[in-house]
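There are 2 protein chains.
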Amino acid sequence: MMSAAVQQKQDTVALPVFAAVTLALITILSVWKLKQFKYKLVNEAGVAMFYGLLLGLTVRLIWTDKGEQCPGNTTAANEQANTSNITMVNITPHGHVGNEKGQFSSHPEETFDLQVLFNLFLPPIIFHGAYTLNQKRFLANLGSVLTYAFAGTIISCMCIGACMYGFTKLMVLLSEQKEEFFLTHCLLFGAIMSATDPVSVLGLLSDLRVDLDLHMLLFGESVLNDAVAIVLTHAITTYTQMNAELIFNPTAFLHAFVFFLIVLIGSFLLGLIFTVITALLTKFTRLHENPLLETSVFFLLSWSSYLSAEACGLSGIVAVMFCGLSQARYTVLNLSSEGRARIKQLFEVFNFLGEISIFGYMGYILLKFTCHKFEPYFISGALLSVFISRAFNIYPLSFLLNLGRTNKIPCKFQHFMMFAGLRGAVAFRLAVKVTAKEVSHTIFTTTLLMIVFTIWVLGTAADPMLRRLDIRVGVDPDENQEDRIFEIATERLDTTQGLWHSLDYKYLKPMLTHCGPPLTESLPQCCGVFARVFSSPRVQEDDEEEELCEIEAGKNTLDLGETESQQGSSESDSASEHQEDLLDGDLGLGTAPAQPREASGSSTQL
Amino acid sequence: MMSAAVQQKQDTVALPVFAAVTLALITILSVWKLKQFKYKLVNEAGVAMFYGLLLGLTVRLIWTDKGEQCPGNTTAANEQANTSNITMVNITPHGHVGNEKGQFSSHPEETFDLQVLFNLFLPPIIFHGAYTLNQKRFLANLGSVLTYAFAGTIISCMCIGACMYGFTKLMVLLSEQKEEFFLTHCLLFGAIMSATDPVSVLGLLSDLRVDLDLHMLLFGESVLNDAVAIVLTHAITTYTQMNAELIFNPTAFLHAFVFFLIVLIGSFLLGLIFTVITALLTKFTRLHENPLLETSVFFLLSWSSYLSAEACGLSGIVAVMFCGLSQARYTVLNLSSEGRARIKQLFEVFNFLGEISIFGYMGYILLKFTCHKFEPYFISGALLSVFISRAFNIYPLSFLLNLGRTNKIPCKFQHFMMFAGLRGAVAFRLAVKVTAKEVSHTIFTTTLLMIVFTIWVLGTAADPMLRRLDIRVGVDPDENQEDRIFEIATERLDTTQGLWHSLDYKYLKPMLTHCGPPLTESLPQCCGVFARVFSSPRVQEDDEEEELCEIEAGKNTLDLGETESQQGSSESDSASEHQEDLLDGDLGLGTAPAQPREASGSSTQL
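Keeping their order, the protein sequence lines are chains A and B. Under full-length UniProt numbering, the first residue of the first sequence carries the number 1, and numbering increases by one thereafter. Under full-length UniProt numbering, the first residue of the second sequence carries the number 1, and numbering increases by one thereafter.
Heads up, some of the hints might be wrong.
One copy or any two copies: either way a pair holds, since identical chains are not told apart in the list.
Stated by the list, open to error - Below, a list of computed lysine-lysine pairs in the DSSO-like style, where the Cα atoms sit at most 30 angstroms apart:
1. 408 <-> 169
2. 344 <-> 412
3. 33 <-> 408
4. 506 <-> 136
5. 35 <-> 344
6. 169 <-> 136
7. 169 <-> 344
8. 412 <-> 169
9. 408 <-> 506
10. 33 <-> 344
It should be emphasised that the hints constitute simulated quantities derived from the structure, not laboratory data.
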């Protein structure tokens with residue numbers, strides 16, 4: 001009895017973790033073997049999900065008699081849970097917690113797993129994506145990305161909501177069911193399904209190495225629309241609560257909108273704050289002398305941006321994305337070369353293992369979870385509306401954007417973007433959080449099925465699709481011929497000094513790194529003390545930093561001399577590669593004057 | 001209400017993890033700053049514990065009204081837990097789980113944290129310690145290490161048990177308390193406190209860089225005695241259950257002894273199995289072409305050795321230690337040079353962060369846990385008995401070992417070993433698992449205090465102590481003059497072909513790596529098929545592996561020519577550096593013939 005208790009305590013964590021590790025190993029080896037045989041169709045996410053499904057099935061078959069029960073018969077579930085030897089944590093029989101917190105309250109250990117998984121692996125994945133991004137390209141496409149992420153996600157949400165509302169009405173008519181979905185429930189589902197997933201999209205893009213502009217558009221959209229989807233979901237929930245009747249309520253609407261702005265700006269600022277801390281720490285201390293400490297501090301501070309944002313109820317994904325972008329722009333210049341390599345490798349491992357873990361877990365939960373509610377009409381409606389909404393999102397917005405863009409988004413890109421609407425971790429996380437208990441199980445099940453469908457079917461078909469659309473693949477994201485031409489193009493437009501340049505080159509770079517003009521020059525007289533405090537203490541002292549800044553500064557001039565002959569081909573690009581400024585809200589429709597961005601982007605390549 | 005529930009779900013994990021990350025950051029920066037000012041007295045473990053204490057105090061002060069209550073008034077605790085907003089997991093009011101599983105059942109989330117912490121961070125720490133070990137030195141001192149680990153730990157356990165029994169009798173006499181500690185309870189405490197801790201000892205040793213032999217003795221003992229302590233604890237628990245009266249029971253004793261052997265051999269084999277899998281995988285596939293995959297697979301398989309052992313109820317620490325030792329001996333030869341560097345760096349980061357996390361958590365739980373039971377007599381008895389038992393362990397065993405060793409363990413080493421009996425994570429984990437509810441709180445509290453005492457007082461005093469004893473510090477574990485002499489010494493004794501050499505050089509190396517003589521030569525005729533299957537497919541094909549093996553083979557001959565003049569000083573070493581064989585049970589008392597070990601140890605340096 002007593003020794004059994006000891007044994008049991010050991011097993012609680014070690015066995016599931018061991019199962020997860022074995023799953024990850026099998027996934028890695030299968031994908032690697034399959035790729036050796038030139039099966040370009042497999043992707044990690046899909047294979048991880050497949051093995052997760054197998055594990056979920058096994059667990060369910062083995063522990064079928066001890067399985068959990070759905071809410072409603074809470075007491076029975078409790079009595080069973082006492083005899084269960086898989087879980088030590090049970091819920092109270094009072095049912096308060098269970099009823100208030102939605103469907104997952106009878107499986108606290110699963111919610112806990114999920115939270116651990118997301119807090120552990122999501123930040124490195126997003127950070128890695130942002131950190132290794134080609135910054136020049138991203139800034140050049142920022143306007144379009146923001147348009148897709150903001151307007152596109154809202155369009156998607158509305159479209160899916162409307163479609164689903166129609167389908168649920170049809171469902172009631174045809175099957176004469178009592179249970180009715182309100183419009184708000186449909187909109188909630190729309191919000192959950194509206195966001196494409198950065199994890200799966202990144203996995204797909206890094207596997208296929210598509211054209212850089214297409215990469216930027218898809219990845220940028222998938223990261224930023226997460227914030228929009230999270231906020232939309234929250235806003236709809238809040239709106240429903242403030243306004244149980246289905247009349248339009250301006251106060252609730254305003255409330256939701258203000259909340260939206262707070263989440264976005266708050267997350268952005270949190271990401272920036274952690275970058276500033278890291279940059280100042282690496283600039284003003286001798287941390288770079290110890291690469292292990294440097295790596296640890298950098299890793300922990302970047303992770304903190306996600307954790308602190310989540311702890312405040314903001315969007316951790318948005319915070320860690322901005323943190324990654326700004327770390328790659330500023331902090332990286334202060335690091336030692338060994339620290340830089342270590343950080344990149346550390347995030348690479350986390351990114352790789354995290355992707356496998358998250359998708360494996362999703363597959364596992366799909367078969368392990370016993371309270372699924374399959375509504376055929378709802379599911380088929382969801383399937384259809386996902387495509388319809390994507391079409392309504394991409395084509396009209398691309399048309400509008402092309403009016404402003406000189407470097408038009410070609411039709412084949414639009415087709416692929418319409419096609420590559422993979423859903424994943426973010427939709428899953430939002431579906432878990434649905435609190436409206438009448439529809440939560442239907443929404444959860446349908447969301448999971450949509451994720452499996454998009455990842456398996458669309459993810460697998462991406463490679464043939466690209467070939468059919470004749471979009472070039474296998475592009476090296478760093479060493480690109482076009483990039484050079486692109487740099488010349490921006491160099492030649494270097495006539496107006498925009499706000500972004502001032503902020504970035506004249507204030508942020510000198511303050512956070514050892515590069516750029518001294519702060520004492522760029523800041524007004526009244527900020528003399530401030531300028532002296534933040535001035536680089538290592539100017540003319542440390543050779544490595546000097547070199548780095550010189551490489552950065554010299555890059556454009558070098559390219560100018562080198563690629564004079566290629567400028568003919570760059571003309572179509574040159575006019576279109578305008579710069580957007582996040583701060584003055586220009587949406588990249590070609591109206592903003594071009595601004596120079598010396599040395600941008602190159603930091604990640606060093 | 002509903003939005004509050006959403007918020008709450010996010011906070012459950014993000015906020016504590018954020019607090020932990022902040023704690024780790026502050027610890028890293030403090031230790032680093034303090035070390036810059038030449039405060040040699042600080043060690044990471046102590047500082048992490050200090051900040052953990054501060055956090056625990058803060059949490060306790062803030063949530064004091066919502067705090068948990070000790071078992072006994074279970075229903076009250078339950079009602080409070082419902083209103084608590086820190087934890088989502090509650091226990092059932094039936095009290096079954098609570099009473100059966102000991103003190104921590106009213107804090108399932110804490111036990112869960114603890115398990116996650118140990119499963120996540122303990123394996124990389126021990127693995128890193130074993131992987132970066134100087135294998136030659138370790139093998140040379142193996143006999144003494146095993147003596148200290150086995151005989152020493154049993155002596156310690158008995159000593160502490162006897163001392164504590166005396167003190168508890170005194171306690172009953174003086175304070176006229178009713179509660180009585182049985183002898184088995186005292187022995188249980190003895191078993192918990194008997195093992196020195198690999199994490200804190202490693203932290204101390206790598207900070208101070210003491211003499212290599214002393215390093216081997218202390219680290220080897222601390223890793224192996226963990227297994228002994230775990231098994232002793234389990235055996236005493238089992239014995240108590242089988243034999244509630246305090247009469248000697250041969251059946252229960254035999255049962256405990258068999259269990260001891262099973263745990264030790266099982267853990268050893270599990271560690272070896274995972275090494276064999278990793279080695280064969282890296283030998284026969286082209287995994288080395290992708291360093292990221294290589295690193296991931298290596299990391300996951302090494303981690304699996306710990307997890308699988310824990311899941312089977314064996315000792316994960318022993319398994320992962322043997323896995324680390326054998327991975328460094330065989331698998332490392334199959335890896336690409338980039339993979340090798342990445343793996344080392346990855347484990348370094350985990351080791352660094354893991355140590356801080358575990359000790360920070362121990363400090364936190366000391367002040368956060370509300371059910372402490374301070375027994376002044378018990379605590380002072382423990383304090384005294386820890387020193388007494390250590391003296392009874394080190395001095396007599398060293399005397400006996402010195403009879404057999406030609407390279408005697410000097411008195412100053414003995415003093416330092418007696419002094420450096422740091423307790424830590426393993427004792428803590430064992431104390432958490434104590435199931436005898438009458439004494440569990442006293443044992444838990446006393447164990448935690450002993451850990452704090454040994455780490456703060458003994459850990460801080462280690463540096464002055466070393467100086468006073470005139471033991472040299474700042475030794476580089478890899479590039480050591482003595483090592484070369486040592487290699488010559490073993491080379492010159494290369495006359496008999498022992499069992500270990502045959503097994504290692506003739507069978508294991510050719511089977512698991514690309515080095516050594518072909519299996520077709522060393523294996524008998526009847527195993528022809530087996531030999532052909534495991535023969536290296538890349539012989540004369542891959543340059544890198546060839547080079548590696550050549551470097552290994554050439555090392556000794558190079559050294560021979562180089563250090564001819566230094567052999568005068570090596571004479572005292574040469575005779576004593578005998579080899580022990582784990583398999584034939586020689587305890588290193590100088591009776592085993594010397595065996596050659598070509599190329600051993602150098603693998604970690606490449």
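Comparing the hints with the structure gives:
1. 408 <-> 169: Cα proximity of residue 408 and residue 169: none, with 40 angstroms in one copy and 89 angstroms across.
2. 344 <-> 412: neither (33 angstroms within a copy, 45 angstroms between copies)
3. 33 <-> 408: Neither, since 39 angstroms and 54 angstroms both go past 30 angstroms.
4. 506 <-> 136: within (18 angstroms within a copy, 57 angstroms between copies)
5. 35 <-> 344: Close inside one copy (24 angstroms) and across copies (27 angstroms); limit 30 angstroms.
6. 169 <-> 136: Answer is neither; intra-copy 48 angstroms and inter-copy 77 angstroms both fail.
7. 169 <-> 344: neither (51 angstroms within a copy, 60 angstroms between copies)
8. 412 <-> 169: Neither, since 36 angstroms and 86 angstroms both go past 30 angstroms.
9. 408 <-> 506: neither (32 angstroms within a copy, 67 angstroms between copies)
10. 33 <-> 344: Cα proximity of residue 33 and residue 344: in one copy and across copies (25 angstroms, 26 angstroms).
Hint compliance for this structure: hints 1, 2, 3, 6, 7, 8, 9 are not met, and every other hint is.
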